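*Asks:* The lines below spell out each chain.
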Amino acid sequence: MTEQRRPSPYPQTHPQTPVEPHPEAPDAPPGPGRRGFLGWVLAGPTLAVAAPLIAASTGGDPAGAVIPSLPEPADLFDLGDLQDLAALPTSHLVKVTIGADGTASFALPRAEVGQGITTSTAMLIAEELDLPLDRVEVTLADARPELLFNQLTGGSNTTRSTYDAVRGAAALARARLLDAAAKEWGVARSQLTTKDGVVHGPGGRSAGYGELTAKAASSTIVRTQVSLKPRSAFSVIGTPRNRVDALAAVTGRKQYTLDHDVPGALPTMICRPPTINGTPKAVRNRAAVLAMPGITDVAMISTGVAVRGRTFGQCIDAVRALDVEWNRGTEDGKSDDDVLAELRKAELPLLVPKVSLLAKTVEGSFTFRFRSNSPLETGSAIADVRDDGIEVWSCLKVPIAFAEQVAQKYHLPVSQVTVHVTQGGGSFGRHLFSDAALEAVEASKAFGKPVKLMWHRTDDFRQGRTHPMATSRVRATYLLGNVLTYEQRHTSISTDFRHGLGEMLTAMAAKLPGGDYTFAQSIFMLTSNVSYDYGVTDQLLNEVDGGFNTGSMRNIYSPDVCTAQELITDQLAKVARSNPYAFRRKFVKHARGRAVLDKVAQVGNWGRAMPAGTAQGIALHNEYKGWCACLVEIDCRPQTVQREVRDGWTGPRVTKVVFAVDVGLVINPTGLVAQMQGGIMDGIAQTLTSSLHLKDGAFLEGSWDNYFYTRQWNVPPDVQVIVMPSTSDRPGGAGEFGVAASMAAVACAYARATGHVPTEFPINHAQPLGFEPLPTVPPIPPSPTDGLDHAF
Amino acid sequence: MPTHTFLLNGKRVSVDVADDVRLLWVLRDLLGVTGPKYGCGLEVCKACTSHINGKAFNPCAVPVGQLNEDDEITTIEGLPATVGRELHPMQEAWLEADVAQCGYCQPGQIMAAVAKVRQKGGALTDADFDEIRNICRCGTYARIREAINQGASRM
Numbered sequence: 001m002t003e004q005r006r007p008s009p010y011p012q013t014h015p016q017t018p019v020e021p022h023p024e025a026p027d028a029p030p031g032p033g034r035r036g037f038l039g040w041v042l043a044g045p046t047l048a049v050a051a052p053l054i055a056a057s058t059g060g061d062p063a064g065a066v067i068p069s070l071p072e073p074a075d076l077f078d079l080g081d082l083q084d085l086a087a088l089p090t091s092h093l094v095k096v097t098i099g100a101d102g103t104a105s106f107a108l109p110r111a112e113v114g115q116g117i118t119t120s121t122a123m124l125i126a127e128e129l130d131l132p133l134d135r136v137e138v139t140l141a142d143a144r145p146e147l148l149f150n151q152l153t154g155g156s157n158t159t160r161s162t163y164d165a166v167r168g169a170a171a172l173a174r175a176r177l178l179d180a181a182a183k184e185w186g187v188a189r190s191q192l193t194t195k196d197g198v199v200h201g202p203g204g205r206s207a208g209y210g211e212l213t214a215k216a217a218s219s220t221i222v223r224t225q226v227s228l229k230p231r232s233a234f235s236v237i238g239t240p241r242n243r244v245d246a247l248a249a250v251t252g253r254k255q256y257t258l259d260h261d262v263p264g265a266l267p268t269m270i271c272r273p274p275t276i277n278g279t280p281k282a283v284r285n286r287a288a289v290l291a292m293p294g295i296t297d298v299a300m301i302s303t304g305v306a307v308r309g310r311t312f313g314q315c316i317d318a319v320r321a322l323d324v325e326w327n328r329g330t331e332d333g334k335s336d337d338d339v340l341a342e343l344r345k346a347e348l349p350l351l352v353p354k355v356s357l358l359a360k361t362v363e364g365s366f367t368f369r370f371r372s373n374s375p376l377e378t379g380s381a382i383a384d385v386r387d388d389g390i391e392v393w394s395c396l397k398v399p400i401a402f403a404e405q406v407a408q409k410y411h412l413p414v415s416q417v418t419v420h421v422t423q424g425g426g427s428f429g430r431h432l433f434s435d436a437a438l439e440a441v442e443a444s445k446a447f448g449k450p451v452k453l454m455w456h457r458t459d460d461f462r463q464g465r466t467h468p469m470a471t472s473r474v475r476a477t478y479l480l481g482n483v484l485t486y487e488q489r490h491t492s493i494s495t496d497f498r499h500g501l502g503e504m505l506t507a508m509a510a511k512l513p514g515g516d517y518t519f520a521q522s523i524f525m526l527t528s529n530v531s532y533d534y535g536v537t538d539q540l541l542n543e544v545d546g547g548f549n550t551g552s553m554r555n556i557y558s559p560d561v562c563t564a565q566e567l568i569t570d571q572l573a574k575v576a577r578s579n580p581y582a583f584r585r586k587f588v589k590h591a592r593g594r595a596v597l598d599k600v601a602q603v604g605n606w607g608r609a610m611p612a613g614t615a616q617g618i619a620l621h622n623e624y625k626g627w628c629a630c631l632v633e634i635d636c637r638p639q640t641v642q643r644e645v646r647d648g649w650t651g652p653r654v655t656k657v658v659f660a661v662d663v664g665l666v667i668n669p670t671g672l673v674a675q676m677q678g679g680i681m682d683g684i685a686q687t688l689t690s691s692l693h694l695k696d697g698a699f700l701e702g703s704w705d706n707y708f709y710t711r712q713w714n715v716p717p718d719v720q721v722i723v724m725p726s727t728s729d730r731p732g733g734a735g736e737f738g739v740a741a742s743m744a745a746v747a748c749a750y751a752r753a754t755g756h757v758p759t760e761f762p763i764n765h766a767q768p769l770g771f772e773p774l775p776t777v778p779p780i781p782p783s784p785t786d787g788l789d790h791a792f
Numbered sequence: 001m002p003t004h005t006f007l008l009n010g011k012r013v014s015v016d017v018a019d020d021v022r023l024l025w026v027l028r029d030l031l032g033v034t035g036p037k038y039g040c041g042l043e044v045c046k047a048c049t050s051h052i053n054g055k056a057f058n059p060c061a062v063p064v065g066q067l068n069e070d071d072e073i074t075t076i077e078g079l080p081a082t083v084g085r086e087l088h089p090m091q092e093a094w095l096e097a098d099v100a101q102c103g104y105c106q107p108g109q110i111m112a113a114v115a116k117v118r119q120k121g122g123a124l125t126d127a128d129f130d131e132i133r134n135i136c137r138c139g140t141y142a143r144i145r146e147a148i149n150q151g152a153s154r155m
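Here the protein sequences come in this chain order: A and B.
Position one of the first sequence corresponds to residue 1 (our numbering), numbered consecutively onward.
Position one of the second sequence corresponds to residue 1 (our numbering), numbered consecutively onward.
Treat the hints as calculated values from the structure; they're not laboratory data.
Any given hint could be a false lead.
Claimed, not checked - Straight-line alpha carbon distances no greater than 30 Å define the calculated DSSO-like cross-link-like pairs of lysine-lysine that follow: (1) 95(A) <-> 195(A); (2) 409(A) <-> 445(A); (3) 116(B) <-> 656(A); (4) 409(A) <-> 360(A); (5) 656(A) <-> 11(B).
Claimed, not checked - Partner residues aside, some chain B positions facing chain A, computed with beta carbon under 10 Å: (6) 6; (7) 42; (8) 60; (9) 121; (10) 142; (11) 144.
Unchecked claim - Here are some chain B residues the structure puts well away from chain A; computed CB gaps all over 12 Å: (12) 10; (13) 13; (14) 14; (15) 17; (16) 24; (17) 69; (18) 70; (19) 78.
Since this is a predicted model, take the numbers as computed values, not measurements.
Glycine is no exception: its CB is placed at the ideal position from the N, C-alpha and C atoms.
From just these sequences and the hints, can you work out the full model?
*Replies:* Spelled out as C-alpha cells, the structure:
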C-alpha cells in the first residue's frame with residue numbers, strides 16, 4: 001500500500017519548516033492581495049473576537065456573488081456558491097476566544113462526521129494566530145437559530161463557506177493581542193512579532209497569549225479591521241497535519257451520541273413495520289412486553305412502537321416480542337422492476353440532434369440501483385422533553401431546521417429547544433436528516449422521561465434513507481474529430497431535500513439560474529456538468545415517486561451522472577479511433593483537468609500491457625471548483641472473481657488505484673488524501689457490489705453481510721492519491737469529491753477487461769442474491785450467542 | 001437477578017443482570033465502558049471487537065452468563081495496560097498513519113488488528129487481511145493496512 005507524497009501526507013511527527021516570525025504589518029488599509037476583514041472585539045474578561053461567518057470582505061465581492069446565465073451553470077456557479085450566497089444576508093458571528101492558558105477556542109457551526117473539518121478549521125486558526133495546532137480547540141456549536149442557512153453541513157461546503165470568517169476571527173484576535181502588548185510595553189505595534197503563541201517585542205521582551213488575553217479583553221463591543229495573511233506567508237495551511245481528534249479515536253475516548261451519559265436517559269428502541277413507512281395501528285401485547293426484564297416503558301409513536309429499558313439488549317428482546325398491527329406502507333407490493341418501470345415511463349426524451357447525417361451516434365442507457373447511505377453508527381439521539389423545554393443530543397447537519405421543526409410541533413418558542421450537535425460516526429448524507437432525533441423527542445414526550453434512542457442495524461438498512469434508484473440516458477454525436485452534441489437525461493426516484501437545503505433554495509429561488517426549476521432540478525444543474533468540450537450539451541433531470549425515504553449519499557447525482565458520461569466517453573474514443581486517455585486529454589475543458597489526467601496516466605503507467613481479463617480504466621470529474629482523475633486496474637479473471645470469502649461478496653477486484661486531485665487551495669493534504677481514499681472505496685462499492693434489493697415494499701438487506709460495502713477482500717492492494725499543487729487562492733470541496741471519478745473509472749475498466757459495457761450498477765445487482773434475507777416480522781434479528789466460538 | 005463477576009481491563013467487576021444480556025450492553029449500558037461500539041449486534045460489523053483472555057471476540061454475541069469469573073475482558077480502554085504503556089504500539093501506528101476518519105469503527109479495528117497480528121505472528125499478507133471482517137464505512141482501509149503492518153513490526 002503506498003501513497004504518493006506531495007508533500008509527505010503524514011510524516012511521523014510534524015516537522016515544522018522553520019518559519020520566520022510573523023511580522024506585524026503597519027496599520028495601513030489593505031492593499032491588493034491583502035484581504036481586509038471587519039469584525040468585533042466582544043466584551044468580556046478575556047479576549048473574545050467575533051467575525052461574520054461569511055466575510056464582509058473589503059477586498060472585493062465574495063466569490064460567487066455574480067450569478068451567470070445558462071448553459072452549464074455548474075461551471076461557474078455551483079451548489080457551494082449557492083450555499084455561500086444563501087448565507088450572506090443572514091450571516092451572524094462566529095467567535096474565537098483566547099483562554100488564560102493561551103489556547104484558542106472556537107465552536108464550529110457545522111457537524112464533524114469524519115470529514116476532518118475540526119482539524120482543517122483548527123489549522124486556519126493556528127495559521128492566523130501563529131499558535132501551535134495543539135493549542136487550538138475546535139468544538140461543535142449547538143444549534144444557533146440566528147445563523148439560519150449558515151449551519152448546514154453538506155455539499156462538501158464547510159471549508160469553502162467558512163474559510164474567510166474563521167481566519168478573520170483569528171486574525172482579529174492576534175491583532176488585539178498585539179495591541180495589548182504594544183500598550184503594555186509602550187512600543188509601536190509594528191515592532192512586535194508573534195510566533196508559537198508568544199508576542200515578541202524589542203529588547204527580547206515576550207509575553208504568551210495567555211498572559212495578554214485579559215489585557216486584550218474589552219469591556220465594550222469594538223468594531224475593528226484587520227488584514228489576513230497572504231498565501232505566500234502560510235506556514236500551516238497546506239502542510240500535512242494529522243487529525244486533532246485522532247488520539248481520542250484510537251483510545252475509545254471519542255464520544256459519539258450514544259456515549260454521552262445523560263442522567264435518566266435509558267436505552268430506547270423502536271419496533272418498526274414490515275414494509276417501508278408502514279405505521280402502527282395497535283399494540284396487542286403491551287402489558288406482556290412491559291413486564292419483560294428491564295423494560296420500563298412501551299408507547300406507540302408515529303413511526304412504530306417505542307420501548308425503553310435498562311439495556312439495549314433488553315430493548316432488542318422487547319422489540320422482537322411486540323405484537324403490533326400495522327397500517328400499510330408507502331410502497332407496499334412494489335419490487336425493483338416496478339420502480340424501474342416507473343422511471344422508464346418518466347424518462348424525458350432525447351432530442352434528435354440537428355447534425356450532419358454523416359455524424360456517428362453513441363448512445364447508452366444506464367440503471368443505478370438503490371444504495372444505502374447508512375453510516376456505521378446507526379441513527380441515534382438523546383432527548384429530554386420537560387415542561388420547561390426540550391434538550392436533544394444528536395449528530396445533526398441541519399440542527400436549526402430540526403430545532404424549528406420541534407418547536408413548531410410542540411408549540412414552544414425555538415429558544416426553549418436546545419440542540420447539542422454531537423460527533424458523528426459517519427454520515428454520507430444520513431445526518432442531513434433528523435429522523436432519529438425526531439423519534440427520540442416523540443418517545444421522550446410519550447414516556448415523560450429522557451431517552452437514549454438507537455436504531456437497530458437491520459432497521460437502518462430497511463427503513464433508513466437510501467440513495468434513490470435512477471436511470472441515465474446519454475446520446476452523443478461525433479463527426480470528423482469533433483463531438484457535436486452531448487445529451488443526458490437523468491431520471492430518478494425523488495431525492496428528499498426537506499432538510500434545510502430545500503428552504504435555502506426556496507429563499508434563493510428568484511436568483512437561481514433559470515428561476516423556475518424545482519429544487520431537485522436546480523440542484524442537478526448546480527452539481528452536474530460535462531467535463532469535456534462536447535459541442536452542444538444538454539443535461540436534464542426528472543424525478544418521480546416520493547414514497548421512498550431518500551437522501552444524498554456522499555454526493556447527490558454526480559457519481560451516477562459521471563459514470564454514464566465516462567462510459568459514453570470511452571465509446572466516443574472508440575468511434576474516434578483514439579484511446580480513453582488521449583481522447584479525454586484532447587476534449588477536456590480545462591488545463592486543470594488535463595493536468596490531473598496526465599498525472600494519473602504517468603504515475604499509473606497508462607497503456608501498459610496487461611493479461612486478458614484485466615484492464616485499466618480512466619475517468620475525470622469536475623465539481624466543487626476542483627478537478628480530479630482516477631486510473632484503476634481491475635482483475636475480472638475467473639480465479640479472482642470466484643474467490644471464496646464466508647458471507648462476503650468477492651467478484652472482480654480492483655487491484656490498483658491512482659488518483660490525482662486538485663481542489664484549488666489545499667488546506668490539509670493528509671486530510672484530503674484520506675477523503676479521496678474513502679471516496680475510492682465508495683466508488684468501488686457502487687460500481688461492483690453495493691445495493692439494496694426492493695421486494696414487495698421492503699428492502700431485503702438487513703446486515704453488513706447482506707449489503708456489500710467494500711471490505712478488506714475488496715480493497716485494492718495499491719492505492720495512490722496524489723495531491724496536486726494548489727491552483728487557486730480559495731479552497732474547494734473534498735468530502736464527496738472522490739466518489740464520482742472512482743466509480744466511473746472502475747466501470748470503464750470493467751468494460752475494457754470484459755469487453756462488455758455494463759448498463760446496471762452495481763454490476764452484481766441482477767446476479768443471484770448473495771445472502772438469505774432476514775425475516776421482516778419481527779423486524780430485527782436476535783443477537784447471536786456463539787461469539788466465544790469465533791474468538792481468534 | 002444473577003450476579004456476574006469477571007475481570008475488566010485489569011479490575012474485578014460485578015454486575016447484576018440477567019444471564020442472556022449480551023456482554024456489549026453490560027459493558028456500555030451498565031458499566032459505562034463505551035469504547036466498544038454498536039454497529040449491528042449481529043457479530044458482523046465487528047465495531048465492538050474486544051479481547052477475552054487475549055483473543056479477539058465480539059461482546060455483542062456473548063451472553064454475560066457465559067463468562068467465568070477468571071475471564072479477562074480487555075476493551076480498547078484497557079489495551080495500553082496490557083503492554084504497560086500509555087499507548088499500545090498498534091495505537092501508535094494508527095496515529096502515525098492518521099487512520100481514523102469518523103473514528104467509530106477504529107477501536108474495533110485496532111483490537112482485531114492486535115489479535116490478528118498475534119495469531120499470524122507478524123505482518124499480515126493479502127490473504128490474512130481477507131480475514132479481517134471489520135467494516136469501515138468511511139473507507140479508511142488503505143491506511144488500516146499500512147498501520148497494521150507498521151504496528152506488527154513493533155509488537
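*Asks:* For every hint, state whether the structure bears it out.
*Replies:* Results of checking the hints against the structure:
1. 95(A) <-> 195(A): holds, 22 Å
2. 409(A) <-> 445(A): holds, 12 Å
3. 116(B) <-> 656(A): holds, 25 Å
4. 409(A) <-> 360(A): Roughly 58 Å separates the two Cα atoms, so the pair is violated.
5. 656(A) <-> 11(B): Status violated; Cα separation ~46 Å.
6. 6: violated, 13 Å
7. 42: holds, 5 Å
8. 60: The hint holds - residue 60(B) has a Cβ within 10 Å of chain A, the shortest such distance being about 5 Å.
9. 121: Since the shortest Cβ distance to chain A is 13 Å, the answer is violated.
10. 142: Holds: closest Cβ of chain A sits about 4 Å from residue 142(B), inside 10 Å.
11. 144: holds, 8 Å
12. 10: holds, 15 Å
13. 13: Its Cβ never comes within 12 Å of chain A, the nearest being 15 Å, so this holds.
14. 14: holds, 16 Å
15. 17: Violated: least Cβ distance 7 Å, not greater than 12 Å.
16. 24: violated, 7 Å
17. 69: The claim holds: residue 69(B) sits with its nearest Cβ about 15 Å from chain A, beyond 12 Å.
18. 70: Consistent with the label, residue 70(B) stays out of reach of chain A, its closest Cβ about 14 Å off (over 12 Å).
19. 78: violated, 9 Å
Hint violations for this structure: numbers 4, 5, 6, 9, 15, 16, 19, all remaining hints satisfied.
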